[in-house]
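Novice: Sequence:
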Amino acid sequence: MNIFSRIKEDIQTVFREDPAARSLLEVLLCYPGLHATWNYRIAHWLWTHHVKLLARYFSHVGRFFYGIEIHPGATIGRRFFIDHGMGVVVGETTEIGDDVLIYQGVVLGGVSHEKQKRHPTLGNKVVVGAGAILLGPIIIGDEARVGAGSVVIKDVPEGATIVGVPGRVIAEAVARHISGVELDHNKLPDPVIEVLTRLEKRIEDLEKEHNKCHKL
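Under the working numbering, the first residue of the sequence shown carries the number 5, and numbering increases by one thereafter.
The set of hints was computed from the structure by calculation and includes no laboratory data.
Wrong hints could be hidden among the right ones.
Unchecked claim - With a straight-line cut-off of 27 angstroms between C-alpha atoms, the simulated DSS-like cross-links for lysine-lysine are:
| # | residue 1 | residue 2 |
| --- | --- | --- |
| 1 | Lys12 | Lys119 |
| 2 | Lys205 | Lys158 |
| 3 | Lys158 | Lys216 |
| 4 | Lys216 | Lys205 |
| 5 | Lys56 | Lys121 |
| 6 | Lys158 | Lys56 |
| 7 | Lys158 | Lys119 |
Can you make the complete structure from the sequences, with help from the hints?
Specialist: In structure tokens, the structure reads:
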């Protein structure tokens, strides 16, 4: 695929993933996630051709202008899209598949100072919600969904949805489209709240039983 086909594909990805995109000119001028991706592509080419200082400089410039930090050593597939994007961090040994969507504030970080694989691997068609933090050389399976604000430190199976701190798998099989979007964060259950609700219900039942026994 030549560079012009890749640019066209990236622009089409914006229109597919963001219903707010209205025109080609708007996309070209007003989408920092797209700009950061293109900046990364240049930096990554330099990195893989052993011009690493210049690659890091391109990455640094992109961080300054777009508020998105993508290490040029990361490996990112096709049709990658960062929606909004401010505060996104992608570490050096991160691997990202095709058709991945991530939102603002996402961190794909490492937990080791060793020069080895220390950042997450995201499969194809993964969606990562706003503010989620994924740490270490974990594997997020194809078509998995990470809820907003989750902290993930363990592998996630293919097609699973994970939410909470620390992240908990709440579904092994996920409906691929809810209301026409990839991930409705407002419809994801909160496992902590669910546990507290069950405890509250259990306490109420015990109180009723206690009152009945007391009357006898």
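Novice: All hints are to be evaluated individually against the structure, with a verdict given for each.
Specialist: Quick rundown of the hints versus the structure:
1. Restraint check: the Cα-Cα separation between lysine 12 and lysine 119 comes to about 36 angstroms, which exceeds 27 angstroms; the hinted pair is violated.
2. Proximity of lysine 205 to lysine 158 is assessed by CA-CA distance (about 31 angstroms); at most 27 angstroms being required, the pair is judged violated.
3. Proposed proximity of lysine 158 and lysine 216 is contradicted: the alpha carbons are some 46 angstroms apart, above 27 angstroms.
4. Under the criterion of a C-alpha separation no larger than 27 angstroms, the hint pairing lysine 216 with lysine 205 is consistent with the structure, at around 17 angstroms.
5. The hinted pair formed by lysine 56 and lysine 121 meets the criterion: a straight-line CA distance of about 18 angstroms does not exceed 27 angstroms.
6. Straight-line distance between C-alpha atoms of lysine 158 and lysine 56 comes to about 31 angstroms, which puts the hinted pair past the 27 angstroms bound.
7. Taking the CA atoms of lysine 158 and lysine 119, the gap is about 20 angstroms. The hint holds against a cut of 27 angstroms.
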